[in-house]
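Quick mapping for you: the protein sequence lines, in order, are chains Z and W. When we follow the working numbering, the leftmost residue of the first sequence carries the number 1, and every step to the right adds one. When we follow the working numbering, the leftmost residue of the second sequence carries the number 231, and every step to the right adds one.
Please keep in mind that the hints were generated in silico from the structure rather than gathered at the bench. The C-beta atom is built at its ideal place from N, Cα and C for all residues, glycine as well. Be careful, since some hints might not be right.
Claimed, not checked - Incomplete in silico selection of chain W near chain Z, CB under 7 Å:
| no. | residue |
| --- | --- |
| 1 | R421 |
| 2 | P486 |
| 3 | D506 |
| 4 | R588 |
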Amino acid sequence: MTGGLTVIAGPGDAGLAGGSPAAAAAGGPVVVLGDMAVTNPAAVRWLDRPPGSGDASGRLVIAPAGDGLWRTAPWPAADELFELGDDTSGAVLLTGGEDGLRAAIAQAASARGVDVEPVERLTREALAGAAAVVIADSPAGTLPARAFAVLAARRILLVPRIERTFGLEDGLDHLEFSGPDDAVTILEAHARNPDAFARVLTWGRLKAEAQRASVVYARLAADLGSDGVA
Amino acid sequence: MRVAFVLPGLGASGGVGVATQHARLMRDALGVDAELVVTEAGEGGVDPGVPVRTLPEAREGRYDVAIGTWWETAAPALGLAAKRHALLLQSFEQRFYGREAPFERLSAEATLALPVDFVVVGEWMRELLAELRPGARCRVVPPGVDKRVFAGARSGRDGPLRVLIEGQPTLPFKGVDEAVAAVRAMREPVRSTLVALDPERGPELAVDRVTGALDPDGMAALYREHDVLLKLSRVEGLGLAPVEGFHSGLPCVVTPYTGHAEYARHGENALVVGFDDQPGTAAALDRLARDGALLERLSEGALATAAGWPSAEDSSRALHEELTRMLEREQAAPDESLLRRTVALGSGLGRAGFDRGRAATAEALDAAERLVRELSASRDDCSEMLEDARAELARIRSSPVYRLGGAAKRAGRRIAGR
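Isolated chain W, as found in the complex (with noise of 0.2 Å):
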């Protein structure tokens, strides 16, 4: 089997991680001739361990699968040669983009109508999606987490609870300002650590210590020295870090992201609080500082949580059956029903914003009018003051008073000079 996984680029991230994870361990262990193809040139990023090419170069071959991992490579993916088409679901996308970039939103969603099979991370993907797009071909194939890195039980803590804080502070929903607030709210004696993937990038913020960019054996041994998780998400497809934390019994304190009930459960590996609530959110940890008992609790729940998740071999293995039974179907087809609604829900919510758009063009228009007439009016009303201030002094240079006193001042500077 041949099998093209099409990424924009091998920048780090979470999604191009799981990608190519995948196609190193169908290469090295289920013998596929998994590759890389990445849509764009770009720097960064570590050795994948299997073949990258060019979409120019893979354009020469010939695939059974052709995998999108990103919105923006699903129709890369489909220009490939291929037997089959799938798309590797790893968040829904259109997610990603706030209400002024309305074109990227609903190119990402329009991705869901396409003619491919599905595999997504988690089963509340797969219900969604068979919601929106009743009839898909879907999937679940959890990400799998290396268990020989992941593991090891974790530091015995003697003194403050130790907080991992982890997401990318440039991404608002990754909600780090709002675990940083909440940590800085904690009545009990606390040391808090940031991991983010790009730290460099972040803002200031008042956490002890900040780090970043590690490899999976840095993120093992990171979970190890801490005593809970913290995670704020508010959008994600599972959210990754917390199972990884689980292998070495590090129990979370997460909002209800999506994906979060594939392996949160409250009371029993995590304390689960509200989005926006600063308050309950340091009382949970106040509460995990102050109660060592279900600290232990909940961190014996997260070991059970991971030995049932799969390993990444597992993970792979699911895959490649999946990609053994999509060659064994037809193609997948179109739902342009999906997509007639997605074109008719993002015209209509588009044309709101362009009104808005053109309301406030024509308001600041309307405001400058004012402005210009305003000036304009005052140039005038200078004008005319100047004009009247010319008028006066001409005026008062013909009165014979005027000329009176120059003369008498022109006679004193005579008397004066001798």
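Just chain Z, same shape as in the assembly (with noise of 0.2 Å):
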């Protein structure tokens, strides 16, 4: 139970947005976080991408961005990521949905020089050992699902310049490129004097508060019980 709510989430997403890997409800509406299949009906599918033609309607969904939905918003962070130490000397990971822009990030890194470890999905071990994260996704120009996990373990989150940013800041809590290579010339920015983005950082953690899980789950559970879904 999370806030009066059962979250289910695939293991990796459950680390970075609260909830359970346990596919059985255990007690009030159900809450899904992405694509994972469950047996029982969800109150709530909550997407990392918009909605699609294939998405089954119905049910109340919720996702970054997208037509119909019962509510816009990203992921929330997991409340466990607000207590991950620094670690200004970890690696730069390279993540999202975008394949042309994430190969076009990791081969203007390597040709500068920088280096970028790929994921193909964000988890919050690997976020633990990180210093930034660029995801190289924008969903119909807005900020990405997991991004709010990466403010809140206080790692400088990198991605494309989007329209939507659900109350941040380009250059104050996280920072925005206009393309791989500007996505590098920040990442060496950032590598010649990790010190000198502290102040993202700082800001980042304190705008992932608003999206603190523990304080967003109980606010959708009571959103639920007012319209009368139990």
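Given two chains presented individually in distinct reference frames, assemble the corresponding complex, making use of the accompanying hints.
So, in structure tokens, the structure goes:
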């Protein structure tokens, strides 16, 4: 149970956004993160992408972007992430769903001698050893769903230029890039002087507080209650 | 005690209003020789009720404390002859500038490293400043509310939910467009009012009424005429309008902007909605429209929060106490380490910005050169075609057939002339 809800997520996603990897509901309305298959019907499906035509209709859908949503939101940040210690000398992780952009960033980084570590899927364990995370993804011009997990963990977050930021401010709490070379220039500046970026980490964690899983799920439970979803 | 509040001007803004109120109350109620020093002469603004000096005039005097009230007034305040220098920080002001204004961002942020004591308007600012600049001397003095003006009960509702949207529509970070869109997405009947500092400068917005440039009495009356205040801002130091509204039992629907947690509690005196969540915000407003008991409960919570909020006099007294303490301490030292980090970050990100600009310029130049080459090639092609056409014309004119045709035409004209 999370704030009066049962939140079900895949093992990697539960570490980022809270919830349990167990597929059996423990009590309260069921919220399923991502595309994870569940046997019992969920009250809410919380996608990390805009819903498509293949998504089942009729249930409440939360997503960072899309039409006909019940709520528009990125994923919350698991409470445990706020306790992770700093690692300014850690790796630079490269992840995200835009394969072409990811490959272009990896190529630009390699050409300029900047080490980046591609990861297929971001996890809490990977975050623990990272100093910065590049998420090559901006679904429909929107902040990627896992962005707040990175900020809660006090890691530098780089994303492509986005229109819908969910309260984040470019240059203050996260860094946006206009293309692969721009991303690598920022990573070079970070590698030269990581201490100078401490302010970005501080603001990032402050902004992530509003997305703390325990707070978000408690409000979600109240909203579901007021909408008569048991 | 002689105190100078250094302001950019006297034009209407929340920040100028707070500083001016402190100066007036410290002068009237606490016997402080407080005055306003303006760095730029400008039009507008109301009579502040305290002496106003220009910067050159103020440089002739001596003060106990000189207080900068905006990043551009920090250096002028430090330039005044004063025993102590302070900054009244009502927001982290680099947030007012986007990536297109890197120098303003850097300058505003660099003020945090200056040799000053800080007075901030919210606990969150003190906590953040303590992380950014460990050891900074900082006191929280929330802006007070004039309890005589912001008082009285809301009028009863007999019809649609009355939503008051607060924010300057020309400032995107105030979220006014988003608020208007959320109200329009509601299912329940609603009447909306937008109140702004300068409503004339706003675009046409789909609300029932637009008002603004109101004095405190006008704002208080407006709060009493509505059922809920909607504020979807992204950048605030505190955001005082909801607190003023609380004094008339007006609850609020707000985004979790910085400063909101100083007074807004979800389900107690407010509903906190997500940023950029239009369906969620519309649903929250619909819920208030449908559920009178919830609205009443939030209204009671708002009044309870208001009861514990400092009055304007309390607030200025707290500031006076802090200024007195400042005089008992040494002048604060600058934080060179923070300054170095700030400059390093600003130049690192600035370099990325310039690289972006340079890349964009190079790209535009390449495109322009391509066009010139294409145009030049087209011109050459045209010249060749013209030459070809001229040669063809000459060839035709010199051909026996053409000459024969010409002779026949001339003969025909002669025959017709007879």
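Okay, the hints, checked on the actual structure:
1. R421: violated (23 Å)
2. P486: With a closest approach of 4 Å, the W:P486 hint holds.
3. D506: Result: holds, 5 Å to nearest chain Z Cβ.
4. R588: violated (11 Å)
Checked against the numbered hints listed earlier, the structure breaks hints 1, 4; every other hint is satisfied.
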